[in-house]
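K.L.:
Each chain, letter by letter, is given below.
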Amino acid sequence: LERRLAFLSLLTDFGIEDGYVGAMKGVIWQIAPDTQIADLTHHIPPQDVFTGSYLLARSGSYFPQGTVHVAVVDPGVGTARRPMAAKLGKFYFVGPDNGLVTFMAQMALNQGETCRYVHLTNKAYWLEQISHVFHGRDIFAPVGAHLCRGVALEELGEMMDDPILLDIPQVQQQGQSILGHVIQIDHFGNLTTDIPAHMLAGKHVANILYQTTNFGRLAQSFGEKAVGDWVAMIDSFNYLSLSIVNGNAASTLHAQFGDPVEVIFEKA
Amino acid sequence: LERRLAFLSLLTDFGIEDGYVGAMKGVIWQIAPDTQIADLTHHIPPQDVFTGSYLLARSGSYFPQGTVHVAVVDPGVGTARRPMAAKLGKFYFVGPDNGLVTFMAQMALNQGETCRYVHLTNKAYWLEQISHVFHGRDIFAPVGAHLCRGVALEELGEMMDDPILLDIPQVQQQGQSILGHVIQIDHFGNLTTDIPAHMLAGKHVANILYQTTNFGRLAQSFGEKAVGDWVAMIDSFNYLSLSIVNGNAASTLHAQFGDPVEVIFEKA
Amino acid sequence: LERRLAFLSLLTDFGIEDGYVGAMKGVIWQIAPDTQIADLTHHIPPQDVFTGSYLLARSGSYFPQGTVHVAVVDPGVGTARRPMAAKLGKFYFVGPDNGLVTFMAQMALNQGETCRYVHLTNKAYWLEQISHVFHGRDIFAPVGAHLCRGVALEELGEMMDDPILLDIPQVQQQGQSILGHVIQIDHFGNLTTDIPAHMLAGKHVANILYQTTNFGRLAQSFGEKAVGDWVAMIDSFNYLSLSIVNGNAASTLHAQFGDPVEVIFEKA
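Residue numbers (this note's numbering), protein chains in the order written: chain S, 2 to 269; chain B, 2 to 269; chain G, 2 to 269.
One chain only, chain S, in its complex shape:
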């Protein structure tokens, strides 16, 4: 295997205070020294596999073809849960088999691409000493680095076809309305919903409701509204999102993951 420029992202719930992420980067560069490493986020709420899976797909999709995404939100570390690698369309995934892969796999399938999964069993690609609690450093980082070096997915273990996939809440269309959910709350307090832009395309939205708060119609940009106004927009990832101009909608509304959001269309 020759040295080569490769790309690897890291997403964890480790935080950035304790040096855990640094140790993973050291391991990666020992194996694949030319790898460009990007932190996606290390602030996934502790053990929140759903949010980890969601943000991984959302940010990870902007990386170069062949990027290795190492994701570690791993409440089952040290139990029988399988360590896993996967090829999901044009990206690699390395992490625990606990549903983290769900959104990225779904994205690949939606684009007509195939997904292949490997149960990591070939310890030749792990660190020599494996702790019970830090597979991110001991298994996932070195396996990711070996993928960056060009090792084939099949070399890493045994193919498997039953990865754990999360049960994603479904958006429901009923007559003149769509019922979705708050699926993520970001740093600015924006509420991301699971209602995709294409479900609103070509229709006339009358009202967008979060509980008793009416966000009105869709806006094109924050600039259309005044500071402090409620605003419903298609966000940068092509989903409906709810905000307050220059404010924090989530804290104002005490919004939580899973809260219902309703879009009501005008009668024809």
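In case anyone wonders, no lab produced these hints; they're calculated from the structure. Ideal Cβ placement from N, Cα and C applies to all residues, glycine included. Hints are supplied without guarantee of correctness; some may be wrong.
Said to hold, decoys possible - Example chain B residues on the side facing chain S (calculated, C-beta under 8 Å, incomplete):
(1) F15
(2) G20
(3) A24
Unchecked claim - Chain B side only, calculated, beta carbon under 7 Å to chain G, not exhaustive:
(4) L6
(5) F8
(6) A39
(7) T42
(8) L56
(9) Y63
(10) F64
(11) P65
(12) H188
(13) Q221
(14) S222
(15) F223
(16) G224
(17) S237
Unchecked claim - Straight-line alpha carbon distances no greater than 20 Å define the calculated SDA-like cross-link-like pairs of lysine to any residue that follow:
(18) G:K88 with G:M161
(19) B:K226 with G:P47
(20) S:K226 with B:P47
(21) S:K226 with B:T80
(22) B:K91 with G:L128
(23) G:K226 with S:A81
(24) S:K226 with B:G79
(25) G:K204 with G:V172
(26) B:K226 with G:G79
(27) B:K91 with G:Q31
(28) G:K88 with G:L110
Position chains B and G against the provided structure of chain S, taking the given hints into account.
P.N.:
Then chains B and G, alone, in the frame of chain S:
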């Protein structure tokens, strides 16, 4: 254009929790894979263009010649505010035309260098899909990456000579005193002022006042004072700053941006 | 000196808000443009040299041979404390001579390797302007970058053999028990102790006590216990650590650095 090693910095108010910055890095490496990317900070107070502009100039000036500084503090995203790139002496700037460029432009002009500005209009250098709310990823990151590849500034759009520049508060010299301001509060609670070292050079300082608190004379280092003492020093960027030894001056004094700071010289 | 791929880590108490770390990276890349830079952590508690030294050794040891670790927790900056570089087994250290080097030096000595220390006095390898308060940028970053370029340690100043080393609390074995300490509290609230795994190997642990809380015997993984249970395990760095499954042990117990932890063995 050949592949080449280049340097790019990122400064935003996006925080590091939601993966926004990661998506920008993915976009950059798709276009300019050999680019070394440094995070300056992603914790600019939300939509605080002034602080963003100040910290960009202060930290960005230590980078290699030709570094591309991509800065996104962008309350006007989605409105008519212009997307912009600039050559400011030896650095490139890419970001919104809202004053973010001010301090870095002033620094270049103070060093006798020229500034050239381009209104970004050539969409060939943007992502194909442009959202209304995330020009950092869709316009500024790819434009920055194309500059890293060696694309000429003029290729990116139309030259402009009227960038928006912030109104920076002026330091006033009156008889035996100088009146300046708190211009930034850092992580340690140090108060950075806008009073440059050269205005104090060769003079005998009698008192340095923040409101009713007297910091006394200038110290050379923290080591001259005891733990808990007020201390006024020339900071690492050659401006007067006010601190408490091993303490947090900003929270102790309830200090805020813009608060007046007075330096009183001894009578000759 | 030829251009070459090198690795450098940064550990500081600067936080990530103010652009200080960014300025250091700019300085490094001006001197050694091919250097891969990893942040170990910038959230060492302000001026906590002990925690800085501990985390530096723990995370830094996973990096490639020859990595330059630049560490800046520096309450004595601007006083007579010496700026220092060292070769500690297979790693370089650059930072203040205030004990930060302790744990990494001890680790090298424990592995039978030698440590060499240099008092940084050769200003040819510093920035031209040296501030009184930011030697991280002005001395340690450029010196670290020159080591990345291949400059010899001896070039940087005068050899010294009396570096300041911290007084590390000692673990005591008394009859049927071991008395150690909480040595670090991590992001998850886990209590790391200074009791190494090898002191427990081959013995039957009866009880592990933190003050009046009994953690019972050693567990192999979190998975053996129920959510909310106390759990004592060997952590990923081969030391005894105390946790609550899916909880925060440190805040629940109001634990602090230095608190005593006792391991009681079964009678033979």
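K.L.:
Does each hint fit the structure? Answer for all of them.
P.N.:
Quick rundown of the hints versus the structure:
1. For B:F15, the interface hint holds, the least distance from its beta-carbon to any beta-carbon of chain S being 7 Å, beneath 8 Å.
2. Given hint, B:G20 at the interface with chain S, holds; its Cβ is 3 Å from that chain's nearest Cβ, closer than 8 Å.
3. Given the 8 Å rule on beta carbons, the hint for B:A24 holds: about 4 Å separates it from the nearest Cβ of chain S.
4. Interface restraint check for B:L6: the shortest CB-CB distance to chain G comes to about 6 Å, inside 7 Å, so the restraint holds.
5. For B:F8, the suggested interface contact is upheld, since its CB lies about 6 Å from the closest CB of chain G, less than 7 Å.
6. Against a cut-off of 7 Å between C-beta atoms, the interface hint on B:A39 holds, since the closest Cβ of chain G lies about 4 Å away.
7. With a cut of 7 Å, the hint placing B:T42 at the interface with chain G holds, because the nearest CB-to-CB distance is about 5 Å.
8. Look at B:L56: its Cβ gets to within about 5 Å of chain G, closer than 7 Å, so that hint holds up.
9. Hint status for B:Y63: holds, given a least beta-carbon distance of 4 Å to chain G, under 7 Å.
10. Look at B:F64: its Cβ gets to within about 4 Å of chain G, closer than 7 Å, so that hint holds up.
11. The beta carbon of B:P65 is positioned within 7 Å of a beta carbon in chain G (closest approach about 5 Å), and the interface hint is therefore held.
12. Below 7 Å, beta-carbon pairs count as interface contacts, and B:H188 has one with chain G at about 4 Å; its hint therefore holds.
13. Hint status for B:Q221: holds, given a least beta-carbon distance of 6 Å to chain G, under 7 Å.
14. The interface hint given for B:S222 is met, as the beta carbon of that residue sits about 3 Å from the closest beta carbon of chain G, less than 7 Å.
15. Checking B:F223 against chain G by beta carbon gives a least distance of about 6 Å; that is within 7 Å, so the hint holds.
16. With a cut of 7 Å, the hint placing B:G224 at the interface with chain G holds, because the nearest CB-to-CB distance is about 3 Å.
17. Contact between B:S237 and chain G, as hinted, is supported at the beta carbon level, the nearest pair being about 3 Å apart and thus within 7 Å.
18. At most 20 Å may separate the alpha-carbon atoms for a hinted pair to count; G:K88 and G:M161 meet this at roughly 12 Å.
19. A hinted pair counts as satisfied when its Cα atoms are at most 20 Å apart, and B:K226 with G:P47 qualifies at roughly 18 Å.
20. Between the alpha carbons of S:K226 and B:P47 the distance comes to roughly 18 Å, so the proposed pair stays at or under 20 Å and holds.
21. Straight-line distance between C-alpha atoms of S:K226 and B:T80 comes to about 11 Å, which keeps the hinted pair within the 20 Å bound.
22. For the hint linking B:K91 to G:L128, the alpha-carbon distance of about 18 Å falls within 20 Å, and the restraint holds.
23. Restraint check for G:K226 and S:A81: satisfied, since their Cα atoms lie roughly 14 Å apart, inside the 20 Å limit.
24. Of the supplied pair hints, the one linking S:K226 and B:G79 holds, its CA atoms being roughly 11 Å apart against a limit of 20 Å.
25. Restraint check for G:K204 and G:V172: satisfied, since their Cα atoms lie roughly 17 Å apart, inside the 20 Å limit.
26. At roughly 11 Å between alpha-carbon atoms, B:K226 and G:G79 fall within 20 Å of each other, so this suggested pair holds.
27. Restraint check for B:K91 and G:Q31: satisfied, since their Cα atoms lie roughly 13 Å apart, inside the 20 Å limit.
28. Proximity of G:K88 to G:L110 is assessed by CA-CA distance (about 11 Å); at most 20 Å being required, the pair is judged to hold.
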